[in-house]
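If you read the protein sequences in the order shown, they are chains A and B.
What the first sequence shows, in my numbering, is residues 8 to 276, in sequence order.
What the second sequence shows, in my numbering, is residues 25 to 271, in sequence order.
Hint data in this document are derived by calculation from the structure and do not stem from the laboratory.
Small disclaimer: the values here were computed from a predicted structure and weren't measured.
Watch out, some of these pointers could steer you wrong.
To be verified - Residues from chain A shown here face chain B by an in silico Cβ test under 8 Å; the list is partial:
#1 R157
#2 D160
#3 R161
#4 L163
#5 G164
#6 A167
#7 S168
#8 S210
Using N, Cα and C, we set each Cβ at its ideal position, and we do this for glycine too.
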Amino acid sequence: MARIIVVTSGKGGVGKTTTSAAIAMGLAKRGHKTAVIDFDVGLRNLDLIMGCERRVVYDFINVINGEASLNQALIRDKHCDQLYILPASQTRDKDALSQEGVGKVLEELSKDFQYVVCDSPAGIERGAHLAMYYADDAFVVTNPEVSSVRDSDRMLGLLASKSRRAERNEEPIKEYLLLSRYSPERVKIGDMLSVNDVQDILSLHLLGVIPESKSVLTASNSGVPVILDEKSDAGQAYADIVARYLGEERPHRFIDEKKGLFGKLFGGK
Amino acid sequence: MTTDPQNTLTKATAIEFKSNTFTVPVLVISSNDLDVINDQIQKKIQIAPDFFKNSPIVLDVQSINKNNLPIDFTKLTNVLREAGLLPIGIRGGNGLQNKIAIDLGIPIHSVHNSPVIEKKNLEDSPPKIKSSHSETALNTQATLISQPVRSGQRIYATGDLIILAQVSAGAEIMAEGNIHVYNTLRGRALAGVQGNLGARIFCSDLQAELISIAGTYQISEDMRGIVRNKPVQIYLQEHTLIIKDTA
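Chain A with its partners taken away, still in its complex shape:
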């Protein structure tokens, strides 16, 4: 049985798709057979981030409607043979998703995948609801900024009440906090909420902090998940996150300000 992970946030533009791509790649690179599904029907993006947009033939909606088999629609990643992508349909909208249809696809994927990562669309409507409905774990991506934090809080409320696990009275979805686009320099001058501020409001287990990084934009535009850029801070942050999710203990990085050469030499600590 696969573990179903939903990457969600409520708010748009916080880095859900970047995170989905990075996490899925990270899990696959560690040898776990992983599928990543784009739930953003009508606003297909994951294929671009994963760099497989030229190879899309069939999509998620085709599979739900029985117009294509799952194997026909799944695209094997060119960097890692353990990773498969199920793209969204660009020509349809979220109403094309049905609860039974999504359930069937996830059940079929569960048979021979170890992890299924669901990239949720923004908002709390149908697409976002169905992306999280069958989830076992939730990665809540939040920016250190008040509106993103509140939307995440709303999403956490829905995870606790509107999921299949909640409806069946099963063990609740495991929720993890991923704080993205973090800039210690801006936190220091009071421009940005700190890790502690966000944790105080959301009281959630922190899986990792992803620093604001130029490498994310570069990676997105070139269609290579940022986790493959091992030299970049964001790539390392995602690698840490995957490791922690799989149970490894790793100290948190990227929370404190980077020290310059002088800081390193004379900063003590």
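Given the coordinates of chain A, work out where chain B should sit on it, guided by the hints.
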């Protein structure tokens, strides 16, 4: 149109139901002879005319019913009214007397010390007493929440509401009784929503968007002076919300 919050507040509270206890003289009737009753009332009134003038009175007819003495309740009421008394209730009446009383606009009061005739019935059916007890018990039952109350969630409790986790901004918690939050309260908390003026809100860290007791409310802008990270209680005093440390 500008809305003056003070003005809307007065409009919203044009009427208010309150519970109060009054001391009212009870006239115990032990004879069904209306002439004798009239005679004795007149004598009593003569002793203290000012005291009895327009005095409200509750009629107690348990005694005559116990002795099976039939009485014309309409005529009895007229005798009292002519004597300048204002009957405002009957207690211990039988079905017919109660019906007439209601028709005459006189409310029926319950009897605390039940008449002998009914006592036997009560002993035969103890569940009757029990059921009235459990009804009050139902209202005071507390609802316990141990999970965080997230933004957008609403919780309503018919009795007291106890929350062990935090209440996020944008969440709404309501209780007909008291509200206890043993964590940070950032959302809206409304206690005594059915008009219980004695309801209170307790929390260990008050950062609420809105607090309300029995309809009297305060928004966070009015709570700027409140010290954070300190346990407080909120209660109603003279239509004003009082926020006080519970140290």
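Taking the hints in turn, this is what the structure says about them:
Among the interface hints, the one on R157 of chain A holds; its C-beta lies about 6 Å from the nearest C-beta in chain B, closer than the 8 Å criterion. Interface restraint check: D160 of chain A against chain B, minimum CB-CB distance 4 Å, threshold 8 Å, status holds. The interface hint given for R161 of chain A is met, as the beta carbon of that residue sits about 4 Å from the closest beta carbon of chain B, less than 8 Å. A distance limit of 8 Å between C-beta atoms decides the matter here; for L163 of chain A the minimum to chain B is near 5 Å, and the interface restraint holds.
The restraint placing G164 of chain A at the interface with chain B holds, with a minimum CB-CB distance near 3 Å, inside the 8 Å limit. Given the 8 Å rule on beta carbons, the hint for A167 of chain A holds: about 6 Å separates it from the nearest Cβ of chain B. Hint status for S168 of chain A relative to chain B: holds, with the closest Cβ pair at about 7 Å, below 8 Å. Below 8 Å, beta-carbon pairs count as interface contacts, and S210 of chain A has one with chain B at about 6 Å; its hint therefore holds.
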